[in-house]
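These protein sequences, in sequence, are chains P and B. Count the first sequence with our numbering and you get residues 1 to 190, in order. Count the second sequence with our numbering and you get residues 1 to 124, in order.
Simulated DEER-style distance windows between Cβ atoms:
{"no.": "1", "chain 1": "P", "residue 1": "Glu146", "chain 2": "B", "residue 2": "Val66", "range": "19 to 25 Å"}
{"no.": "2", "chain 1": "B", "residue 1": "Asp94", "chain 2": "P", "residue 2": "Val41", "range": "19 to 25 Å"}
{"no.": "3", "chain 1": "B", "residue 1": "Ser87", "chain 2": "P", "residue 2": "Leu22", "range": "42 to 48 Å"}
{"no.": "4", "chain 1": "B", "residue 1": "Asp101", "chain 2": "P", "residue 2": "Gly9", "range": "54 to 60 Å"}
Source of the hints: derived by calculation from the structure; they are not laboratory data. C-beta: ideal position from N, C-alpha, C; glycine also.
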Amino acid sequence: MILTAEANGFLSPNGVEIVFLLVGVVTLGAAVITVTTRQLVHAALWLVVALGGLAVEYLLLTAEFIAWVQVLIYVGSVVVLLLFGLMLTRAPIGRSPDADSENRWVALAVALAAAATLVTVVADAFRSTWIDLDRSVQGSPEVTGESLFRHWVLPFEALSVLLLAALVGAITLSRRRGADDAPASPKQER
Amino acid sequence: MHLVYPAVLAALLFSVGLYGVLARRNAILVLMSVELMLNAVNLNLVAFDVWLRDTLHAGQALTLFVVTVAAAEIGIGLAIVLLVFRSRGTADVDRLTDLADRTPPGAGDQADTGTAATGRGRAA
Chain P
1 MILTAEANGF LSPNGVEIVF LLVGVVTLGA AVITVTTRQL VHAALWLVVA
51 LGGLAVEYLL LTAEFIAWVQ VLIYVGSVVV LLLFGLMLTR APIGRSPDAD
101 SENRWVALAV ALAAAATLVT VVADAFRSTW IDLDRSVQGS PEVTGESLFR
151 HWVLPFEALS VLLLAALVGA ITLSRRRGAD DAPASPKQER
Chain B
1 MHLVYPAVLA ALLFSVGLYG VLARRNAILV LMSVELMLNA VNLNLVAFDV
51 WLRDTLHAGQ ALTLFVVTVA AAEIGIGLAI VLLVFRSRGT ADVDRLTDLA
101 DRTPPGAGDQ ADTGTAATGR GRAA
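Pulled out of the complex, with its shape left as it was, chain P reads as follows (with noise of 0.2 Å):
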């Protein structure tokens, strides 16, 4: 931890610096692109850009385990899962002129504000903070899982009950009921 960079300036930035700079100006018009477009289906194969760069990121800071997490969840499954949810629905493929409600304008000023107060903010405070990235690995597959499993491991369990009950939760949520069980909604094919 190094808490002055005065050897280091912003404008001669190293290798490490251009590359996660160029990632990070992909990532953020991906995600730009992901709430813009009319295009549902559009916006879920964006937000894969937009979170593959992420994971290009957290390599970039040395944290290699996360990476592959970000990468197998985010990309292999929460997509996924988002691109079934879009079909289930019957999201219209094409432009849907609906996508954005009328308060958009009052979204993008609130929007707007908090990205100038953060920004602001956190330039502020870490202007002078400097990440040393080439002592030792940070986040090496090793290096995470011997803290998960040493002193994280309680909390560790506690989430595996917790995806456990949201399985079942999902399941029972989504599973059709019988027509009397469920009399308002009209009835399904079975």
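Keeping the supplied structure of chain P fixed, place chain B upon it in accordance with the hints.
Just chain B now, kept in the frame of chain P:
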């Protein structure tokens, strides 16, 4: 690497996700924006963990926990959205106004008159 780069990127991604949550109309797109916000928090956690060289690696452990909770959240959320779509025929968060404090315009088929009248009285 300057800590400012990941911190500013995380702040901007969070704001983009905030815009998506507030501006999107389809519930599944709202869930996507929530994922963007959670990922911004994860980037912050990883960057500060690497900066502080924490011996417990609390940042990376918490990142893994956030990823797991996000996976559980997306499963439950999609199940709820599918259930709403199956019973209402829409996944549009602007049209799910049964709990609103006013009668929705042009959708008086399910609003019972008693609570609607009191709701209108309270709103007026």
